[in-house]
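Participant: Bring the two chains, given one by one in their own frames, into a single complex with the hints.
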Amino acid sequence: MASFFASEFFHNYKRSSSAIIGSALMISFAFAVLVGPFLVAQNPYDIASLNLMDSYKPPMWLPGGEAQFPLGTDGQGRDVWASILYGARISLFIGVVAMVASCFIGTVLGLIAGFYGGIVDSVIMRIADIQLSFPSILIALFLMSAVGTGVDKVLIALTAVGWVVYARTVRGSTLSEIEKEYVQAARVAGLPNHKIIRKHVLPNVLTPLIVIATIQVGTFVLIEASLSFLGVGVPITQPSLGLLIKNGFDVLFSGLWWTSVFPGVAIMMLVFGINLFGDFLRDELNPRLK
Amino acid sequence: MTKADDHPLLSVRNLRTYFHTFSGTVKAVDGVSFDIGQGEVMGLVGESGGGKSVVGFSILGLIDSPGRIEDGEILLNGKDLVTAGEAALRDIRGRNVSMVFQDPMTSLNPLHTVGRQMDEVLRLHTDLDARARHVACIEMLESVGISRASERLKSYPHQFSGGMRQRVVIAIALLARPGLIIADEPTTALDVTIQSQILKLMRQQIAEKGASMILITHDLAVVSEMADHITVLYCGKVVERGLTRDLISAPSHPYTRGLIASIPDATDRQDRLSQIPGSVPDIRNLPMGCNFRERCPRAQALCAQQEPELMPQHGSLRAACHFPLAPGDTA
Numbered sequence: 001m002a003s004f005f006a007s008e009f010f011h012n013y014k015r016s017s018s019a020i021i022g023s024a025l026m027i028s029f030a031f032a033v034l035v036g037p038f039l040v041a042q043n044p045y046d047i048a049s050l051n052l053m054d055s056y057k058p059p060m061w062l063p064g065g066e067a068q069f070p071l072g073t074d075g076q077g078r079d080v081w082a083s084i085l086y087g088a089r090i091s092l093f094i095g096v097v098a099m100v101a102s103c104f105i106g107t108v109l110g111l112i113a114g115f116y117g118g119i120v121d122s123v124i125m126r127i128a129d130i131q132l133s134f135p136s137i138l139i140a141l142f143l144m145s146a147v148g149t150g151v152d153k154v155l156i157a158l159t160a161v162g163w164v165v166y167a168r169t170v171r172g173s174t175l176s177e178i179e180k181e182y183v184q185a186a187r188v189a190g191l192p193n194h195k196i197i198r199k200h201v202l203p204n205v206l207t208p209l210i211v212i213a214t215i216q217v218g219t220f221v222l223i224e225a226s227l228s229f230l231g232v233g234v235p236i237t238q239p240s241l242g243l244l245i246k247n248g249f250d251v252l253f254s255g256l257w258w259t260s261v262f263p264g265v266a267i268m269m270l271v272f273g274i275n276l277f278g279d280f281l282r283d284e285l286n287p288r289l290k
Numbered sequence: 001m002t003k004a005d006d007h008p009l010l011s012v013r014n015l016r017t018y019f020h021t022f023s024g025t026v027k028a029v030d031g032v033s034f035d036i037g038q039g040e041v042m043g044l045v046g047e048s049g050g051g052k053s054v055v056g057f058s059i060l061g062l063i064d065s066p067g068r069i070e071d072g073e074i075l076l077n078g079k080d081l082v083t084a085g086e087a088a089l090r091d092i093r094g095r096n097v098s099m100v101f102q103d104p105m106t107s108l109n110p111l112h113t114v115g116r117q118m119d120e121v122l123r124l125h126t127d128l129d130a131r132a133r134h135v136a137c138i139e140m141l142e143s144v145g146i147s148r149a150s151e152r153l154k155s156y157p158h159q160f161s162g163g164m165r166q167r168v169v170i171a172i173a174l175l176a177r178p179g180l181i182i183a184d185e186p187t188t189a190l191d192v193t194i195q196s197q198i199l200k201l202m203r204q205q206i207a208e209k210g211a212s213m214i215l216i217t218h219d220l221a222v223v224s225e226m227a228d229h230i231t232v233l234y235c236g237k238v239v240e241r242g243l244t245r246d247l248i249s250a251p252s253h254p255y256t257r258g259l260i261a262s263i264p265d266a267t268d269r270q271d272r273l274s275q276i277p278g279s280v281p282d283i284r285n286l287p288m289g290c291n292f293r294e295r296c297p298r299a300q301a302l303c304a305q306q307e308p309e310l311m312p313q314h315g316s317l318r319a320a321c322h323f324p325l326a327p328g329d330t331a
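Going down the list, the sequences are from chains S and U.
Taking my numbering, I'd label the letters of the first sequence as residues 1 to 290.
Taking my numbering, I'd label the letters of the second sequence as residues 1 to 331.
The set of hints was computed from the structure by calculation and includes no laboratory data.
DSS-like mimics (lysine-lysine), calculated; alpha carbons at most 30 Å apart, straight line:
1. S:Lys180 with U:Lys27
2. S:Lys180 with U:Lys209
3. S:Lys195 with S:Lys180
4. S:Lys180 with U:Lys154
5. U:Lys154 with S:Lys199
6. U:Lys154 with S:Lys195
7. U:Lys200 with S:Lys180
8. U:Lys79 with S:Lys195
9. U:Lys200 with U:Lys154
10. S:Lys246 with S:Lys153
11. U:Lys79 with U:Lys209
Not close to chain S: a few residues of chain U, all C-beta gaps over 10 Å, as computed:
12. Leu75
13. Thr83
14. Leu128
15. Arg131
16. Lys154
17. Arg245
18. Ile263
19. Pro277
20. Asn285
21. Arg295
22. Pro297
23. Gln306
24. Leu310
25. Gly328
Glycine included, C-beta positions come from ideal geometry on N, C-alpha and C.
Isolated chain U (complex conformation) (with noise of 0.2 Å):
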């Protein structure tokens, strides 16, 4: 595995991204770092509100009013895109940076053909001619498994069945081969039978083209088998980060191991359902001291006082607790 630290593509620091609401300010990403590596997939996991997909809006300097970048750098190939401009934010969209977003029935337009879709980004970011463009709308459709492609470029979305749909969702986001990718959600719509074949497609297809990606979602599941390492957010904050297979074996931070414990089991037949109790606080009026006390089973009293720094745990993992779990810990 390459080296975070070596040559991060993507280097995100101290990003704090803000909305200013009549109702106060949400911080909904406050103070999150992290680093990708060339090839690597990183996992951003955590629960619904928690200000996954805004990171990944906010690389993509597509933060809509009232939210604001208030503060840190985003660097991409060492180039800040916090302080680049509209122009030069436009040209980065789609050509080193790409996004794949949720709903496959909604991220294609109804009234054009596939082929006019993917026709208009490779326009937009490469030199070729109508000849080669079809040529590589062709070949991107078959790579992402589409049979008869030449046929197909020629159907509108309806035609396509949701899975079908995804699939050219993400040949749209190949094609003008980005060296990042940021995929929201990619199979949540999805059937559970489609999941993992779409999965399986976008972890071949950006080994195949030596991207990275960023995977959003609240489904450590999902995470356990793409990312290589994973950054759990919490109220915009990172709580834990790690490699997976430490994070996913022996979470250092109780949040984590929520998460992990409320994945359901098939091999040990419960009666309930395991969950995290109580709910994400109002992130409008975040408490003193840890966002997470009033839902952790081992708060205490320093925890209402102080917020937590993110201090390196056993293995690979960094976690803002004052209290962490080492390997083995139940309790």
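Same shape as in the complex, but just chain S (with noise of 0.2 Å):
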């Protein structure tokens, strides 16, 4: 640990004032997520803690405003600020989830696309450029309303959304990493192909792949955001931040804007803080950039 904070890596990131904003960012958020529904008094989501003669309260600011109600509260009574803390916890997870799980898939792909070559190669890098061709929310706007709606059902759109980025970046390092003499050295070795995928080609082609998981848990909240908001997302039972701006948005114009204007500034804050870090990631893991 104490080679971490004497690193490079650490001496420019406390120079970095928009590394330090966004982690302070991501750090906040991962808090609220974890810890945040512990913090606040109402489960929004439990009915019988919710009171219909508190629908539509302003925040606690403007005249009419409760302090037991922070930023206000829905047409349903629900506390606008536990809302955001619940909500956050679902758009994080599926953000979270789906880039791990985009990375396992297009890693693998990748990985297998670029070692073995060929008709392997051709086939899964044509599925990936035809899938590059159309926008991410049209693809995954069409996977909904095939399969449906649901938390599971987004993981899975988002996914086949975003495998792509993973095995073109990976198959592209693995095709440089293999003409290198080690790798040959490894065949001449003896050693089967897996493991030379395994142990010299995979923690070769790793570190790229940081920083597009990083910004992909943004981009990924946004989609679900966006989804959500479409009415394809998720269900009304969980509703992440993106559904909490829909329902606040019938009545945005009725001037009861608390509703979806604070769940549309989480969502804002999150992207924005997850982006910072990932730029600054870029940054420092970019050999070409030093």
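Facilitator: If you want it as structure tokens, here you go:
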């Protein structure tokens, strides 16, 4: 651990304000998501704890606001602040799990395509090319309308959209890695292919993935929010930040702006934080920018 | 010296390795034969693009598409490697035949410690337990001249200098006690001052372990120090072979003489270094007759019509030339 604090990475981190802001935002969100729900009095999805009399209360600093509901309430009397804490949980869960799944599938396919080449490579990469020629939200929309809605379906749609970047990156690095003599040396030593891929190629192609994976969490949070806003995302019983925006959107122009603006600000800060930190990682881990 | 014909460790017979590309078939290795006896060092010499490395990879069965071994036999201890399956070949690689590469900067995985990369070979090819493997690694590192071996096992490749890395690569190649080591330009990427150390080390290690070696190089000065006998390749074909002293002192093929003449000589100060005129012909589109005739000072009409066969010459030499040089010939 001491060596980490003495490392060039940490030195540059301390000097980069965008990295500090970005990681601070990410850490606050992680904290809010993990312990937040225990800090608020109301569980917005426990119907028994709701009171319709509390509906459409404005934020506490406006006339009619109450300290009990710092960011106001929605039409069902749900605390917007509590809803954001619960909703960010679902948004981040979807973003992270879909990222891990995409990364795994994309890396495996990219390694196979790069290492074996030939027809396998052509098939995998043509599928990737075709996918990349459509906007990812369109593919996700299409898949969601085919398989139906739900958190698991959103995960499937995001993974189907997200593996492509990993596959292309990993294939490219694999192609340049297997030209290196240590891979030849491993073959000459009699190592079977799966061991060469796992022990020699994989560790050497991982670095660029860290950046892609970080930024992709932000992208996935946004895509999920768009899907939910369009009504094909998560179910109403498990509202993500996107669904909160949609719920508030109906009354946005009646002057009840807080129900959708605050969840929107939350998404913005989350994605902003992830992108700031991702940019810093990209600068740090890309040897060509050094 | 052991007689090569008695029980050759490796016998390559009429090997043809072709690469089928869109712009034509590249006959990288075209009818090459040679024998290596137990404990012998054979130099495989030629210009770049002459098919030297392809011979090495053919022996290991590591020719990638679009390349293919079209014909020939590669007998290792009497067992044919061309017809052997992938599983059998994998067993032979590293255990019976291993390889030392040109560039020690890229032939070690930058992310694993030296110890781990050595251990991998032993785990694959021996039944030793972890303790015994560790001891074997330390002994091997010490025998290639790396001090504080047990500490150095924990080091990463970037913590070694180029010469040290090549010592590690040699240690890895020797680890499973293979009978044959293929060294593909093992000193080309090294500093001249390190070259002779590494060559001496390889020579000594091979003698100690009773292994044989194919030394692939373009550098005749290196081979003349190391090899028992030399095979000269040109455009994928053997143009001359023989015992090192015969071949170096009085080559009979004009190409070999050209290679020897192009070694700079410190005692004989010339204005220009001597070279072989012209360059290697397009290997996809070789001319009729002798491949070397367009660069050869002795070429005559016959050379354009008929390809020369490998014929016995003076001493131990065999050369493929219609007008071979006799000892003392200058023109």
